[in-house]
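The primary structure of each chain is shown beneath.
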Amino acid sequence: MIADEKYIFKPATKQKLFILIGVGLLLFAVGVFMAKNGGHHEGAEKHASQEIAKSLVASTEPTEHAASAVEGGHHGSATWLKRIYTSLWHNNIFFAGIGIIGLFFVAIQYAAQAGWSAPIKRIPLAMGSWIPFAGILMVGLWFLVKGDLFHWTDHSLYDVKNEHYDAILMGKSAYFFWPMHAGSFPLFFVVRMVLFFSLWYLFFTWIKKEMLAEDINGGTNHWFASRKLSAYFLVIFAVSSSVSAWDWVMSIDPHWFSTMFGWYVFASWWVTGLATITLLVANLKGAGYLKVVTQNHIHDLGKFVFAFSIFWTYIWFCQFMLIYYANLPEETVYFIQRMRTAPYSWIFYANIFLNFVLPFLLLMTRDAKRQISMLKVVCPIVIIGHWFDFYNMITPGAMKLEGGVGFLEIGLAMVFAGAFLYVVLNALSKLQLVAKNHPFMQESLNHHI
Amino acid sequence: MDSNKNFVVGIFEDEDVLLHAVEHTREKGLKIHEVYSPFPVHGLDEALGYKRSRLPIAAFLFGMTGTSLALLMQIWMLGYDWPMIIGGKNHASLPPFIPVTFEMTVLLAAFGMVGTFFIASDMKPYKWPRQFDIRSTDDKHVMAIDLATNKMSKEEISALLKSQGASEVNEKNF
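Top line first, the protein sequences correspond to chains C and W. Quick note on numbering that gives the first Met the number 0: the first sequence kicks off at 0 and runs consecutively. Quick note on numbering that gives the first Met the number 0: the second sequence kicks off at 0 and runs consecutively.
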C-alpha cells in the first residue's frame with residue numbers, strides 16, 4: 000500500500016547545516032569579543048533606566064539585598080562569561096523542549112487514537128532523537144553555569160550566621176538539597192534532572208522500537224503496545240514537564256514563584272514543537288518527499304499551530320493578569336524586571352506580537368492554514384517568537400540589567416539550530432519516512448476536512 | 000411565498016449510489032433543488048457543487064463588533080462616566096478589560112452566527128420545512144428536482160433518476 004520512501008540526507012544539506020553552524024560560531028566569537036571589550040560604552044540612557052529599575056525593584060524586593068540583586072555581577076563570573084552561560088542554558092532549554100515535544104506529539108497521537116497523523120509521525124519521532132544530546136548538555140551545563148545562573152546554589156544563603164542568610168530560600172531548600180544539608184550538593188535537584196531525561200529517553204527508544212517493528216511485522220500488536228507506552232509516558236510527562244519548568248527556568252528567580260509556570264513553559268515548548276513539525280513537513284513536501292501528505296494533513300498541522308498559539312496566549316495572560324491584579328510586590332518584581340527595563344522591555348512586547356498577534360491574524364482563515372507557503376512564513380515567526388519567550392523567562396533573572404540580544408545570543412542559537420537539525424535529519428534518513436504497516440494509514444490517506 | 004411548485008423526488012437506498020447519481024445528474028445538465036439524507040454523506044457538498052459557506056466572515060465581523068463594543072463600554076464606564084480606582088490601577092487600564100472583551104467577542108460571534116444562519120436558511124417561527132419524503136429522516140436519501148428550473152420533462156427526469164439507481168421516483172407539489 001505504502002511505497003518505500005526514505006529521506007536522503009544529501010551532502011548539500013549537510014553542507015548548509017555546517018555553514019549555519021560555522022556562521023553561528025563566527026557571530027558568537029564576534030559577540031564574545033564585543034561583550035568583552037565594549038561592555039563599558041553604554042550611554043547615559045541605559046544608566047538612567049538602570050537607576051529607575053533599581054529603585055523599583057528595591058521597593059519590591061523582600062530581602063535586604065535588593066540593590067545587589069539588581070546589579071548581580073558583583074559576585075560570580077565576568078559579565079561576558081555570564082552572558083555565554085545564560086545563552087547556552089537558554090538555547091539548550093529551548094531546543095531540549097522541541098526534542099521532547101517530538102516524542103510528546105507521537106504519544107498524544109497514540110493516546111488519542113488519531114488516524115490523520117499516520118503518515119507524518121516519523122518527523123516528530125526523529126525530533127525525539129535530540130533528547131539524549133539535550134540531556135547530556137543539560138546536566139553538563141548545569142554544573143558549569145550553576146554559580147552564575149542559580150542564585151540558590153550559594154551556600155552562604157543557608158547559614159544563619161552569615162550576613163547573606165535568606166529565610167525564604169531556607170524554606171525552599173528541601174526542594175533542592177534533600178536529603179543533603181541545605182547549601183551542600185543539591186542531590187534532589189540533580190537526580191530529578193537525570194531521572195527525567197533518562198525516562199524520556201527510555202520511552203523514546205521503546206516507542207521508536209515498536210514503531211519500527213511495525214514496518215516489518217505489520218498487524219495491530221505494535222500499535223497497541225505503542226499506545227500503552229504512550230499512556231504511561233504522558234502521565235510521566237505531565238509531572239516531569241512541570242517540575243522541569245520549575246527546576247530549570249523558574250528557580251533562576253528563586254524568590255519568585257508562579258503556579259502557572261509549569262503550564263507556561265509547556266505551552267511555549269508545545270507550540271514551538273508543533274511549528275517545527277509543520278515546518279519540517281512543509282519543507283520535506285517542498286523537496287518532493289511525503290507524497291501521501293495532502294493539503295488536509297497540512298490543514299490539521301496549521302490548526303494545531305493556530306490553536307496552540309492562542310492557548311499559549313491564554314496561559315500567558317492568566318499568569319500576567321493574576322500577578323498584575325493582586326499587585327503583590329514579591330510577585331510583580333518579575334514583570335517589573337521584564338517590562339520596565341531597557342534591555343528587555345521591547346522583548347516583552349515583541350513576545351506578544353510575534354506569538355499571538357501575528358499567528359492569530361495570519362492563520363485565521365481556512366485557506367491560510369491549507370497553504371504551505373503561508374505556513375512557511377508563520378512557523379518561523381512562531382519559533383523565533385518563542386525563542387524570545389524563553390529568553391524573556393531566563394535572561395532577566397540570570398543577567399539582571401546586564402543582558403542583551405546581540406551576535407553572541409544569535410550566534411549560539413544558530414549553532415544549536417544547526418546541531419539540532421543535523422541530529423534530526425540524520426535520524427530521519429535512517430527511518431522509513433512514512434510508516435509502512437500503520438493500522439490507520441488507510442484512514443489517513445482518505446483524510447478529508 | 001413560492002407556492003404551486005412541482006418537484007420530482009428520487010429516493011435512494013445507498014449513499015454511494017446517491018453520490019454517483021448526483022454527479023451524473025448534474026453532468027446531464029439538471030439542476031438539483033436539494034438532497035436530504037438521514038446522516039451526513041461525505042463528499043456530497045462537493046458533488047452538489049456547493050460553495051463554501053460565508054458564515055465565518057459573518058462570525059469575524061460579529062466578533063469584531065463584540066470586541067469594540069466591550070472595549071468602548073468599559074473604557075467609557077470606568078474611564079469617563081464613573082472613574083474608580085480599583086487596586087491602585089489606572090482608570091482605564093487594559094488588562095482587567097481583556098476577560099470581558101473576550102467574553103463579549105465570543106457572545107456576539109456566537110449569537111451573530113446563529114442569527115445569520117437562521118436568516119440565511121429562512122428558518123423562522125411558524126415556517127414549516129417542506130417535507131419531500133418523511134423517510135429522509137429515517138433510512139432513505141432523497142433528491143428533489145424542481146421542474147420549473149429545468150428544461151427536461153417530468154418523464155425524462157424520472158427515467159434518468161431510475162437509470163441512476165433510484166429505488167422509486169415520486170412527485171411532490173407544494
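Honestly, I wouldn't trust all of these hints.
[Claimed, not checked] Keeping only pairs whose Cα atoms sit at most 25 Å apart, straight-line, the calculated SDA-like set for lysine to any residue is:
| id | chain 1 | residue 1 | chain 2 | residue 2 |
| --- | --- | --- | --- | --- |
| 1 | W | 50 | C | 299 |
| 2 | C | 302 | W | 60 |
| 3 | W | 88 | C | 299 |
| 4 | W | 88 | C | 302 |
Because the hints were derived from the structure by calculation, they are not lab data. None of the values given here were measured: they were computed from a predicted structure.
These are the hints, each one checked on the structure:
no.	hint	result
1	W:50 x C:299	21 Å, holds
2	C:302 x W:60	21 Å, holds
3	W:88 x C:299	42 Å, violated
4	W:88 x C:302	37 Å, violated
When the structure is compared with the earlier hints, violations turn up for hints 3 and 4 and for no others.
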